Amino acid sequence: NAGVTQTPKFQVLKTGQSMTLQCAQDMNHNSMYWYRQDPGMGLRLIYYSASEGTTDKGEVPNGYNVSRLNKREFSLRLESAAPSQTSVYFCASSHPRPPFYSNQPQHFGDGTRLSIL
Amino acid sequence: QKEVEQNSGPLSVPEGAIASLNCTYSDRGSQSFFWYRQYSGKSPELIMSIYSNGDKEDGRFTAQLNKASQYVSLLIRDSQPSDSATYLCAVSTHSSGGYQKVTFGTGTKLQVIP
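Here the protein sequences come in this chain order: A and B. As numbered in our numbering, the first sequence has no gaps in its residue numbers, which increase by one up to the final residue, 1074. As numbered in our numbering, the second sequence has no gaps in its residue numbers, which increase by one up to the final residue, 317.
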C-alpha cells in the first residue's frame, strides 16, 4: 500500500532556481494538501485542493504555485526559490464526504527536505 | 491566540508511567479531533481520532474530548521508550464547498526515560 508518495525526498537548490515537488496518492481521495513544517511553527498549510479541478490558497501561499493534475496528483512549484523556503514539505490527502466532511483524517507522505542556499 | 495550542515540552516520563498530553482549541465550531505521532525526521502518523465528548480508548492510548472547555487530551498508559516522539493535535472543521479545514498544533515532544 503506497498511500501518499512524494518526490524527491531531498533537494538542494540555489536562490532563484525553480523546482516542482511531486505528490501522488492511490487512495482515491478527493482532497489533497501541501504543508510546510518549520521548527517551532508546526505544520502550515500552503495550498489545498478540495477536489479535482480546484485549488485554493492556505495560510502561507506566497512564493508557491500548485497544480491538481488529476485526482491522484498534486504538485507544488517554487518559481524562484528563496532561503526562507528552506523547510520540510509534506503532502497529505483525505476524503471529506457528507454528511460529516470534517471527520476524515489526513494521510501524509514521507516529506521532501528542501534546502535553499 | 493560536487556534490550536499545545505545550511544546519536552514532557519527560519514566518507562511504564502514564503520559498526559494536552491541547486546547479556539474554534467552537470544531467538529473532529485527531492525534498524530511524529518521530524525528519522519512524517505525521495518525494514532487517534475523536468526535464526541468523553473518552475513546485504543490499546494503550486514550483520547479525551471536552467541547465545552475546548480541550482535548491524549493519555498513553505504560509508556515505552518507543513512544518518544512529538505528538501533534489536529482540529478539523467543515468549511464551505466540502472543504475540510484542519489546523495543527505545534506539537508536544514526549521523552520516555528507560
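Think of the hints as simulated: they come from the structure by calculation, not from any bench. Given the structure is predicted, the values throughout are model-derived calculations rather than measurements. Incorrect hints may have been included.
As a list, the in silico PhoX-like pairs of lysine-lysine whose alpha-carbon atoms are at most 20 Å apart [what the hints assert, rightly or not]:
{"no.": "1", "chain 1": "B", "residue 1": "Lys245", "chain 2": "A", "residue 2": "Lys966"}
{"no.": "2", "chain 1": "B", "residue 1": "Lys245", "chain 2": "B", "residue 2": "Lys270"}
{"no.": "3", "chain 1": "B", "residue 1": "Lys259", "chain 2": "B", "residue 2": "Lys270"}
{"no.": "4", "chain 1": "A", "residue 1": "Lys1014", "chain 2": "A", "residue 2": "Lys1028"}
{"no.": "5", "chain 1": "B", "residue 1": "Lys304", "chain 2": "A", "residue 2": "Lys1014"}
{"no.": "6", "chain 1": "B", "residue 1": "Lys205", "chain 2": "B", "residue 2": "Lys270"}
Going through the hints against the structure:
For the proposed pair lysine 245 of chain B and lysine 966 of chain A, the alpha carbon gap of about 11 Å is at most 20 Å, so the pair holds. A C-alpha spacing of about 31 Å is found between lysine 245 of chain B and lysine 270 of chain B, which places the hinted pair above 20 Å, so the restraint is violated. Restraint check for lysine 259 of chain B and lysine 270 of chain B: satisfied, since their Cα atoms lie roughly 14 Å apart, inside the 20 Å limit. Restraint check for lysine 1014 of chain A and lysine 1028 of chain A: the C-alpha separation of about 18 Å stays at or below 20 Å, so the hint holds.
For a cut-off of 20 Å, the pair hint linking lysine 304 of chain B to lysine 1014 of chain A stands: about 12 Å separates their Cα positions. Among the hinted pairs, lysine 205 of chain B with lysine 270 of chain B is consistent with the structure: their alpha-carbon atoms are about 17 Å apart, no more than 20 Å.
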